[in-house]
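J.: Could you build the full structure based on these sequences and the hints that come with them?
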Amino acid sequence: MPETVKKIASLILKYWRQELEEDELNELLDWANHSPANKETFTRLTNPDFIVDRLRELTLVKQEMRHRIWTALQLSETEMQDEGEITEGDKRQYRLLDFPWWKWAAAAILLLIAGLLCFWFNRPSSGSMVSTAEAGITEAEPETTGAPARSQVRFADGRLLYPDTMPHGAVLEHGQLKLTREPGGVRVKTIAAGSFADSALFTTITTSAGEKLTVWLPDGTEVKLNDASLLRFPVLFSAKGRAVEASGELYFDVSKQGAGGSRIPFFVHTSGMNMEAQAARFNVHVYPQDKLAAATLEAGSLRVWKQVLHFGSGMNSRDRVDVVLEPGQQAQISNSTDGSDMGGIRVEQVDLQEVLSWKNEQKNK
45 MPETVKKIAS LILKYWRQEL EEDELNELLD WANHSPANKE TFTRLTNPDF
95 IVDRLRELTL VKQEMRHRIW TALQLSETEM QDEGEITEGD KRQYRLLDFP
145 WWKWAAAAIL LLIAGLLCFW FNRPSSGSMV STAEAGITEA EPETTGAPAR
195 SQVRFADGRL LYPDTMPHGA VLEHGQLKLT REPGGVRVKT IAAGSFADSA
245 LFTTITTSAG EKLTVWLPDG TEVKLNDASL LRFPVLFSAK GRAVEASGEL
295 YFDVSKQGAG GSRIPFFVHT SGMNMEAQAA RFNVHVYPQD KLAAATLEAG
345 SLRVWKQVLH FGSGMNSRDR VDVVLEPGQQ AQISNSTDGS DMGGIRVEQV
395 DLQEVLSWKN EQKNK
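In terms of this note's numbering, the sequence shown is residues 45 to 409.
For the record, the hints were derived by calculation from the structure and aren't laboratory data.
Note that the coordinates shown come from a computational prediction; the quantities given were computed from them, not determined experimentally.
Treat the hints with care, since some could be wrong.
[Claimed, not checked] Only pairs whose alpha carbons sit at most 30 Å apart, straight line, appear in this in silico DSS-like list of lysine-lysine:
#1 Lys-403 / Lys-222
#2 Lys-284 / Lys-83
#3 Lys-58 / Lys-83
#4 Lys-50 / Lys-83
#5 Lys-83 / Lys-51
#6 Lys-233 / Lys-403
#7 Lys-300 / Lys-403
#8 Lys-233 / Lys-335
#9 Lys-403 / Lys-83
#10 Lys-284 / Lys-300
#11 Lys-222 / Lys-233
#12 Lys-233 / Lys-300
#13 Lys-300 / Lys-222
#14 Lys-233 / Lys-284
#15 Lys-335 / Lys-403
[Stated by the list, open to error] Beta-carbon label-pair distances, calculated as ranges:
#16 Ala-193 / Gln-333: 46 to 52 Å
#17 Ser-315 / Pro-92: 33 to 39 Å
#18 Val-368 / Arg-88: 45 to 51 Å
#19 Lys-51 / Asp-395: 50 to 56 Å
#20 Gly-285 / Asp-201: 20 to 26 Å
#21 Arg-364 / His-212: 42 to 48 Å
#22 Gln-397 / Glu-65: 50 to 56 Å
#23 Phe-246 / Gln-62: 46 to 52 Å
#24 Asn-404 / Gly-213: 22 to 28 Å
#25 His-313 / His-78: 45 to 51 Å
#26 Arg-307 / Arg-231: 19 to 25 Å
Backbone N, C-alpha and C fix where the C-beta goes; we use that ideal spot for every residue, glycine too.
T.: The structure is reproduced here in structure tokens:
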């Protein structure tokens, strides 16, 4: 293990235990502020959520010991500053640890921090391939409802990838997809000629509460996901239409051409509203808890439609209602999911800057 890694790991461990001398604290902060990469590493290794997630992944550490380790590292409610230079004032206050088993806990934490430092110092350079193990892909896990604790990519086989474990520029191949970690998000490409069955295999990307992510789809379409949002797309787009599913809030910049260079319509399906575009930029707002769902067009042309329930003499029927939006217009519908909605689509002129303000606040990660 490089001496620098040993030294920094030791200082971070003492930082956790509130045992740093003033000169040691200054040395650690000087190292953290030396480069953006060092600052990112320091922030992660002093983030309790990040540490506990890594501890949970240590399969060789008994569950009881992991619990004891984490109990020993109870934090105050003081949070690290998200931005700006790290200063002595950013120190967390920790209670001193007087447990007889602390030596074992300290050893586990020290090895963990040292291992993570080695990973950060030896991350693949831009464009380098990473293995599924290096990318931290999990085994297949059942789907859950609600926003995940960390933004994630769920592959068709049920396995999960957490984008924040991949360094910028790293490339991962999984199944028929190639993912490249970009500042702010993930670029997805199809790497093998697929069959018709592949259009029934889906990849799902979900953002956590408070985190945004950009996804570049294989056809060149760019999608920005607001927090607690979901984008579901097939491994292979159909030759008749590029269809995705969405919930939460997403901004689409749809490419004009689909696979093979032909003009293929792009469809967005939500719980109660559908959209069709070819070359357009538009925002979709359809959080389940909101009373209204909305689609707002910034540029191009966007068709919005829904099914409206009608009651007749002994027979109910559903008719399709369509509107075609112009830039600056927003289509609104009731966000009812119980089948009771009989209303149509309401179109209003809106302030685009206000509607799209969330995406302009996105920070690259």
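J.: Could you run down the list of hints and mark each one as holding or not?
T.: Hint-by-hint comparison with the structure:
no. : hint                          : in the structure
1   : Lys-403 / Lys-222             : 25 Å, holds
2   : Lys-284 / Lys-83              : 47 Å, violated
3   : Lys-58 / Lys-83               : 18 Å, holds
4   : Lys-50 / Lys-83               : 17 Å, holds
5   : Lys-83 / Lys-51               : 16 Å, holds
6   : Lys-233 / Lys-403             : 23 Å, holds
7   : Lys-300 / Lys-403             : 21 Å, holds
8   : Lys-233 / Lys-335             : 36 Å, violated
9   : Lys-403 / Lys-83              : 25 Å, holds
10  : Lys-284 / Lys-300             : 14 Å, holds
11  : Lys-222 / Lys-233             : 5 Å, holds
12  : Lys-233 / Lys-300             : 17 Å, holds
13  : Lys-300 / Lys-222             : 22 Å, holds
14  : Lys-233 / Lys-284             : 19 Å, holds
15  : Lys-335 / Lys-403             : 22 Å, holds
16  : Ala-193 / Gln-333: 46 to 52 Å : 19 Å, violated
17  : Ser-315 / Pro-92: 33 to 39 Å  : 35 Å, holds
18  : Val-368 / Arg-88: 45 to 51 Å  : 47 Å, holds
19  : Lys-51 / Asp-395: 50 to 56 Å  : 54 Å, holds
20  : Gly-285 / Asp-201: 20 to 26 Å : 25 Å, holds
21  : Arg-364 / His-212: 42 to 48 Å : 44 Å, holds
22  : Gln-397 / Glu-65: 50 to 56 Å  : 51 Å, holds
23  : Phe-246 / Gln-62: 46 to 52 Å  : 48 Å, holds
24  : Asn-404 / Gly-213: 22 to 28 Å : 25 Å, holds
25  : His-313 / His-78: 45 to 51 Å  : 48 Å, holds
26  : Arg-307 / Arg-231: 19 to 25 Å : 23 Å, holds
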